[in-house]
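> Residue numbers (the working numbering), protein chains in the order written: chain A, 1 to 300; chain B, 1 to 367; chain C, 1 to 447.
Simulated from the structure, these hints should not be mistaken for laboratory data.
Each hint should be verified, as a subset may be incorrect.
[Claimed, not checked] Straight-line Cα separation of at most 30 Å, DSBU-like style, residue types lysine-lysine; simulated pairs: (1) B:184 x C:444; (2) B:184 x C:298; (3) C:298 x C:336; (4) B:184 x C:336; (5) B:10 x C:336.
[To be verified] Quick partial rundown of chain A residues pointing at chain C, CB under 7 Å, derived from the structure: (6) 17; (7) 97; (8) 100; (9) 126.
Think of the CB as a built atom: it goes at the ideal place given N, C-alpha and C, for glycine as much as any other residue.
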Amino acid sequence: MSVHDFWTPFALEPFISALIIGLSLASIWLVAALGLTIIYGTMGVINMAHGEFIMLGAYITWVLQYFLGFPWLLCLPISFVIVAFIGWLVERGLIRHLYDRPLDTLLATWGVSLVFIQSIRLIFGGEPQYIDTPEFLSNVVQIGFLNIPSMRIFIFGMALVLVGLTWALLYKSNFGIQVRSVMQNPQMAASFVINSSRVYGLTFAYGAGLAGISGSMFSGLKTIFPDMGLGYVVEAFLVVVTGGGELFGSLATAGIMGEMFSVFSYFTNDTFARFVLFVLIVIFLRFRPQGIFTPSMARR
Amino acid sequence: MHKTNLYHDKRAQWAVYAIFFGVLALLPVWMGDDPFTLNQYARYGVFGILALSVSLVWGFGGILSLGQGIAFGMAAYGMAATMQMQYQDPVNDPIPSFMLTNELTALPTVWEPFWNTSVGLILSMGIPVLFFTIFGILIFQARLAGAFVAIMTLAMLGAWYNMAYDMQPFTAGFNGISPPSAFKAFGVEVDPYSSMIYWVSLGVLAALTVSTKLLLQSKFGTIIQAIRDDAERARFLGYNVAFYQVVVFALGGLIAALGGMVWVIIVQYVSPTALEIFFSITIVIWAAVGGRMSLFGAIFGAIFINAAQSYVGDEFQATWFIILGTIFIVVVRFLPKGLAGLFEYAISFVPNPLPAPRTSVNSDIAK
Amino acid sequence: MRVSRRNFVKGAAVGAAGVAAAFPQLYIKDHGQAWGAKPWIYKDGNVKVGLLWSQTGNLSVVENDSTQVSLFAIDKLNAEGGIAGKQIEPVVVDAKSDIKVYSEKMTQLILRDRVATVHGSYTSASRRAVMPIIMKWNHLYYYPTCYEGRECMQNIINTGPLANQHSYDLVPYMVKNFGPKVYLVGSNYIWPKESNKNVKVWLERAGGEVVGEDYVPLGGSEFSPVFNKIRQQEPDWIMSTVVGDSDIALHRQFLQEGFKSDKMPIAALTTGEIETAAMGHEAGAGHFLSAPYFQDLKNPTNEWFVDAYLSSQYGGGGVTHYNMEETYLGILIWKKGVERALEEAGGDWEAITPRMIRDVSGNWNGQGPVGLSDEESPEGKVWIDPDNFNIWLKPKIGQCGSNGQFTIVKEAPEHVGPDPFAIYPERGVCKADGLHKPDGTIQKDVL
Chain A
1 MSVHDFWTPF ALEPFISALI IGLSLASIWL VAALGLTIIY GTMGVINMAH
51 GEFIMLGAYI TWVLQYFLGF PWLLCLPISF VIVAFIGWLV ERGLIRHLYD
101 RPLDTLLATW GVSLVFIQSI RLIFGGEPQY IDTPEFLSNV VQIGFLNIPS
151 MRIFIFGMAL VLVGLTWALL YKSNFGIQVR SVMQNPQMAA SFVINSSRVY
201 GLTFAYGAGL AGISGSMFSG LKTIFPDMGL GYVVEAFLVV VTGGGELFGS
251 LATAGIMGEM FSVFSYFTND TFARFVLFVL IVIFLRFRPQ GIFTPSMARR
Chain B
1 MHKTNLYHDK RAQWAVYAIF FGVLALLPVW MGDDPFTLNQ YARYGVFGIL
51 ALSVSLVWGF GGILSLGQGI AFGMAAYGMA ATMQMQYQDP VNDPIPSFML
101 TNELTALPTV WEPFWNTSVG LILSMGIPVL FFTIFGILIF QARLAGAFVA
151 IMTLAMLGAW YNMAYDMQPF TAGFNGISPP SAFKAFGVEV DPYSSMIYWV
201 SLGVLAALTV STKLLLQSKF GTIIQAIRDD AERARFLGYN VAFYQVVVFA
251 LGGLIAALGG MVWVIIVQYV SPTALEIFFS ITIVIWAAVG GRMSLFGAIF
301 GAIFINAAQS YVGDEFQATW FIILGTIFIV VVRFLPKGLA GLFEYAISFV
351 PNPLPAPRTS VNSDIAK
Chain C
1 MRVSRRNFVK GAAVGAAGVA AAFPQLYIKD HGQAWGAKPW IYKDGNVKVG
51 LLWSQTGNLS VVENDSTQVS LFAIDKLNAE GGIAGKQIEP VVVDAKSDIK
101 VYSEKMTQLI LRDRVATVHG SYTSASRRAV MPIIMKWNHL YYYPTCYEGR
151 ECMQNIINTG PLANQHSYDL VPYMVKNFGP KVYLVGSNYI WPKESNKNVK
201 VWLERAGGEV VGEDYVPLGG SEFSPVFNKI RQQEPDWIMS TVVGDSDIAL
251 HRQFLQEGFK SDKMPIAALT TGEIETAAMG HEAGAGHFLS APYFQDLKNP
301 TNEWFVDAYL SSQYGGGGVT HYNMEETYLG ILIWKKGVER ALEEAGGDWE
351 AITPRMIRDV SGNWNGQGPV GLSDEESPEG KVWIDPDNFN IWLKPKIGQC
401 GSNGQFTIVK EAPEHVGPDP FAIYPERGVC KADGLHKPDG TIQKDVL
């Protein structure tokens with residue numbers, strides 16, 4: 001292996017393109033991590049089945065389009081609702097019994113993910129599937145020397161919209177006040193007649209729903225297959241934990257990770273970029289375990 | 001003098017170990033020379049070793065490591081390199097075939113030490129332990145715990161997995177290394193289809209279990225369990241918590257590394273799949289199902305699940321993973337201490353027939 | 001109980017030594033040889049054959065079809081009278097897409113079920129995981145997938161194209177029709193890298209040049225960094241050795257990035273009918289594939305094969321693609337090998353060993369190697385190379401139409417021979433008894 005094989009020399013235009021791609025990657029990771037941020041940030045639950053919620057969202061989109069002929073854009077809210085409901089069931093049936101054992105939720109949800117993957121494989125088979133996206137999302141936007149697929153612009157926009165909605169929900173709505181009070185002190189919240197069990201259930205459902213909607217979006221860009229969730233869940237976790245379980249922490253982390261990954265893989269290759277990124281995250285967590293923004297030491 | 005649950009009686013525990021390993025030791029006599037069974041049971045022994053490492057680190061040390069595969073995989077690569085170099089000839093054929101087809105014209109420096117079997121064995125064991133020590137210092141000096149450790153070990157595992165298949169000239173990439181001949185050491189060839197391999201695997205498992213058990217019954221064991229239950233309090237009592245955690249973490253790495261070495265002797269193959277995230281979490285599942293708070297339970301869990309997969313897994317075909325997932329959900333939800341916890345509960349109804357031990361303190365700490 | 005360090009060490013040592021000393025088996029040589037002397041095929045039993053593929057897990061997408069087509073082939077042979085009157089009995093196991101299970105099931109097939117031969121594997125990793133077991137028991141493995149070559153083993157017969165055959169015709173064709181500049185994209189493992197080394201050799205002959213080369217992780221689905229570099233380099237065509245799910249993502253994102261298959265087509269080695277169905281016909285249309293077999297091949301044998309398979313109980317998958325056809329060839333070729341072995345053994349079934357089946361499949365008694373005629377093989381006449389036991393075949397180039405099926409645009413005029421060390425002449429030549437090195441020595445089991 002010579003240096004030349006390993007190292008791509010710098011050139012301005014593709015480097016700028018790489019920065020744009022970094023934004024696109026960041027938005028994908030952000031969308032994947034958003035639901036997890038809510039679930040981990042508010043409930044401290046490590047949901048290993050998050051990737052499978054994404055996968056379910058993608059399959060729901062595929063079923064709606066392939067068998068019922070729904071337009072793609074309409075599938076997004078529907079898969080939000082269905083996956084949120086599935087998430088709610090998982091919370092009621094399993095997660096809420098494990099709140100005092102956070103590490104056990106990690107293992108239990110891993111079991112859930114096994115069941116989901118294999119059930120989907122049994123029902124729809126293991127073959128990869130695809131969906132048709134609307135015409136206006138299948139072309140390329142040209143700005144100077146930059147060529148950006150409109151699908152990626154759409155996902156980028158949707159990422160910002162979802163962050164905005166989640167922010168409004170958490171910080172501007174009555175429900176958000178309840179969530180944050182339960183998060184800070186469940187006993188105190190209970191004395192203000194906040195039903196923390198209900199709040200947890202709805203929060204988890206919302207987080208799962210976000211995963212569902214991200215699955216719908218990814219179905220337009222990537223391949224749909226039963227194992228697809230595994231490809232998102234580890235990155236999503238790194239975004240969430242590095243971001244400290246905070247909404248804007250995740251936003252910033254996804255941005256930085258996306259850019260770093262894109263730049264590294266521009267100069268070297270995907271695999272090596274991944275290695276560097278993972279190691280950097282481990283080192284970062286060593287020095288700032290509380291995450292990127294949170295000032296205080298929040299250990300679990 | 002109160003009588004404790006027989007489950008917590010140390011004498012009963014040692015008796016169970018003696019019977020368990022005694023029966024296992026007699027198995028080859030009973031089943032004769034069936035090479036398939038010997039080979040398969042030797043594999044189960046390695047799974048038991050891995051579950052043992054999880055039990056020590058997680059069940060007793062309170063550290064959920066999803067990265068046991070790092071030690072397993074590193075040691076497996078070390079062992080594969082050692083076995084590959086045993087096959088190579090220093091004069092006529094000094095470079096493994098896969099390297100020659102990857103643009104290497106000389107043996108890489110990192111492979112040189114593996115010419116010597118003893119050095120190879122020491123490196124296979126030593127490098128994972130060294131890595132776990134450094135990684136442990138990194139984590140535990142920062143007083144990280146719980147989910148952070150789980151996620152950091154997961155990320156580190158992912159990093160090594162990527163490295164193992166990207167560094168194709170050194171690791172043969174995704175295809176993996178398959179040393180063509182059996183492992184030879186000190187004049188003995190360890191045939192992976194003989195009672196020898198069964199003995200190696202069972203011997204390592206038994207020795208590690210007994211050592212771990214003795215360690216847990218020592219003062220050190222009491223301290224790490226105190227740290228597991230409340231790290232802050234242990235720190236106030238003046239214990240260097242990070243030190244103890246690093247030692248437990250590194251010992252867990254050592255156990256998993258020995259598992260990796262025995263594994264490669266059995267299967268003569270290593271590939272990046274040893275470093276897969278799925279596999280490392282599966283190890284934790286075995287220990288959790290059997291009971292992470294019990295060394296014996298964890299080992300039993302590993303053997304039980306794998307034997308079930310070998311013998312009834314094919315019957316269930318596609319539903320096997322659903323069954324596995326469901327078992328797992330049920331165990332975590334209802335039996336946090338695993339099957340061992342169920343047994344502990346059941347046996348509490350049986351009066352302890354043994355006379356009370358002379359010193360009954362601590363008996364429920366050193367489980 | 002306080003345990004001092006000394007007691008601790010002593011206890012551990014005594015425990016281990018006690019366990020070891022009590023049992024003499026540890027020192028007694030294993031009786032494996034006597035055990036191995038039992039016959040593989042019994043006079044009054046069936047001929048057992050192992051099928052080692054994954055019925056579950058992510059590899060099952062491809063490997064389930066391999067099992068089905070093998071069962072189909074075995075049914076066909078049994079209906080025609082089996083092998084010299086003996087029925088073939090398949091032993092199907094499920095490797096669960098797990099390398100550890102491949103290795104365990106292989107020992108089970110050989111040692112427990114005592115099959116005469118094993119057919120199996122789709123990935124090189126699983127092949128290499130089982131090879132030490134095969135070699136140890138001097139058994140026989142049929143591997144029906146395209147692979148990188150550069151191995152010279154005495155217990156394996158391969159019925160898929162090697163790296164040196166696969167792109168042999170494709171590269172000159174693409175250079176002639178689209179231009180000299182090519183960008184190589186592959187999954188990050190050995191087969192794509194090895195294939196691309198061969199591609200570079202053919203490119204040099206055809207007067208083409210490589211303008212870029214990139215490998216993405218297996219299973220990776222993010223190709224925008226790659227397309228960024230492709231846009232910068234402006235190649236005339238793309239050579240893809242991306243496999244599996246990633247391949248689908250590559251073709252989908254090719255469209256989304258605004259590239260057109262008539263301007264800059266992708267020439268692939270594995271994008272077959274299954275993949276084009278999974279990526280959508282729109283994404284597959286216009287691209288090229290080099291393979292020895294296409295479902296749409298127009299010849300009577302293939303028409304029979306497609307009809308018979310799809311209408312049989314095994315044809316639920318709805319397609320026959322190159323990998324399935326190569327698997328089918330493997331079973332047919334194996335049957336011929338067993339017939340020869342029976343003759344070699346003087347009609348004594350119990351004298352046949354797996355290794356004997358392999359050896360007589362080469363140049364035996366001056367009859368030449370075993371092969372299949374145009375009437376037997378859907379892809380046309382093929383035969384086993386008597387030296388390296390890979391297969392002689394005619395690579396064909398197909399262009400994917402808007403229906404997901406391929407139109408043959410070129411068929412190699414002559415058969416192309418397999419050469420596992422084609423681009424490593426300094427390593428030597430692979431013969432039936434091992435790798436003949438330039439210094440005159442012969443090395444067995446090079447893997």
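> Would you settle whether the hint for residue 97 of chain A is holds or violated, based on the nearest Cβ-Cβ distance to chain C being less than 7 Å?
Violated. Min distance 30 Å.
> Under the criterion of a CB-CB separation shorter than 7 Å, is residue 126 of chain A in contact with chain C as hinted?
holds, 4 Å
> Holds or violated: residue 100 of chain A as interface residue toward chain C, Cβ cutoff 7 Å?
violated, 33 Å
> Is residue 184 of chain B within 30 Å of residue 336 of chain C, Cα to Cα?
violated, 39 Å
> Min Cβ distance, residue 17 of chain A to chain C: is it shorter than 7 Å?
holds, 5 Å
> Does residue 184 of chain B pair with residue 444 of chain C here, judged by a C-alpha cut-off of 30 Å?
Within the cut-off at roughly 19 Å; holds.
> Could you grab the alpha-carbon distance between residue 298 of chain C and residue 336 of chain C and see if it respects the 30 Å cut-off?
holds, 25 Å
> Is the Cα-Cα distance between residue 10 of chain B and residue 336 of chain C 30 Å or less?
The given pair, whose Cα atoms are some 65 Å apart, is violated under the 30 Å limit.
> Straight-line Cα separation of residue 184 of chain B and residue 298 of chain C no greater than 30 Å?
The hint is violated at about 56 Å.
Consistency note: the structure conflicts with the earlier hints numbered 2, 4, 5, 7 and 8.
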